[in-house]
Amino acid sequence: MNPLFGLAEKKILVTGASSGIGRAVADMLAAQGATVMITARNEERLQTVLQSLPNDGHHYFCADLTVDEEVKKLAAEMPVLDGIILNAGMVKTVPVQFVKREDLDYMFNLMLHSSILLVQQLLKNKKLKPGASVCFISSVASQKITIGNAIYSAAKGALNSFTKSLALELAPKQIRVNAILPGMVQTAILDSGVVSDEQLQIHLKNYPLGRFGQPHDIAGLTVYLMADVSQWMTGSLIVLDGGYTLK
Amino acid sequence: MEKELFEQLEDILELAPGTVTLSDTFRDYENWDSMANLSVIAMLDDSFGVHIASQDFKNLITVGDLIEEIKKRTA
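As they're listed, the protein sequences go chains A and B.
FYI, this note's numbering numbers position 30 of the first sequence as 30, with every residue one higher than the one before it.
FYI, this note's numbering numbers position 33 of the second sequence as 33, with every residue one higher than the one before it.
Extracted from the complex, chain A is given alone in its bound form:
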């Protein structure tokens, strides 16, 4: 294999790694040779993920990224990293008229503020190598709007703008910053009944490839973004949606 496509000897941090997209990302990065640092709130689930990862040398760090002190502690504990995937997120569908201040604060805190502050702390602690790759998991919801998701879309839209700003600021250090904008991905969030089966079946008709994404679909692109082969890509917002935005 061309080493440009491999992740051997790369140390990569994955947030929100205890389930869904984050777990699949950690698994695929490890399978491609990376040493993976996984973080999330739930220690038990993190241990399960850690044990299931291919190859050795990985570590888990239990942290609530909505708490500033825990972000600082996590950044301080990290080794010098070759890459980071910022994936912590949530879904709450509610019309604007019923949005509560606490929901607004929590969603922006989790999906935007925590990612910004974690990157900031990693930079302050000099934990991102020159040539490192930063990847945010945003959403196609930032560009294609659906009813009830205004706050989610707004937070992801802000994340897209931050991606580009950070890319420009870090370019002199050869640190690359990109975002993946997935369409609907089949994770436990969907299985929880937040959206009914009927609503999902109707929504599925908007996907030309005939299925929602699977977490490994997103993980595959993170391998490319973490590998040296993508070293000229920065500030890009990459739509990965099974053709959803074609319609």
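I should point out that these hints are in silico values taken from the structure, not numbers from a laboratory.
Keep in mind that a hint or two might mislead.
Restraint-style ranges between C-beta atoms, simulated for each label pair [as the list claims (entries may be wrong)]:
{"#": "1", "chain 1": "A", "residue 1": "Glu198", "chain 2": "B", "residue 2": "Asn31", "range": "44 to 54 Å"}
{"#": "2", "chain 1": "B", "residue 1": "Asp56", "chain 2": "A", "residue 2": "Gln143", "range": "23 to 33 Å"}
{"#": "3", "chain 1": "A", "residue 1": "Gln120", "chain 2": "B", "residue 2": "Pro17", "range": "44 to 54 Å"}
{"#": "4", "chain 1": "B", "residue 1": "Ser23", "chain 2": "A", "residue 2": "Leu200", "range": "24 to 34 Å"}
{"#": "5", "chain 1": "A", "residue 1": "Ser236", "chain 2": "B", "residue 2": "Met35", "range": "45 to 55 Å"}
{"#": "6", "chain 1": "A", "residue 1": "Asp105", "chain 2": "B", "residue 2": "Ser23", "range": "35 to 45 Å"}
Even glycine gets a Cβ: it sits at the ideal position worked out from N, Cα and C.
Starting from the structure of chain A, add chain B where the hints point.
The following block gives chain B in isolation, referenced to the frame of chain A:
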């Protein structure tokens, strides 16, 4: 509680005051759409402290079912 629910539904669905009854099939109201669906779920949470998933909400058919669900979950 009934009166408050009726008023909330009339507000969300832009119905004339006093038109909602217990036996109404709420999805048959003229202004019912996906936004109304989300708004009623959010209203149940906001006004009555009843958090209900879409998957469960679809099993409620009449305004009376909404009342029973609120009673059951706040008992």
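Now the hints, each set against the structure:
1. A/Glu198 with B/Asn31: 44 to 54 Å: 20 Å, violated
2. B/Asp56 with A/Gln143: 23 to 33 Å: 31 Å, holds
3. A/Gln120 with B/Pro17: 44 to 54 Å: The hint (44 to 54 Å, Cβ to Cβ) holds, given that A/Gln120 and B/Pro17 are roughly 53 Å apart.
4. B/Ser23 with A/Leu200: 24 to 34 Å: 30 Å, holds
5. A/Ser236 with B/Met35: 45 to 55 Å: 34 Å, violated
6. A/Asp105 with B/Ser23: 35 to 45 Å: 41 Å Cβ-Cβ, so the 35 to 45 Å window holds.
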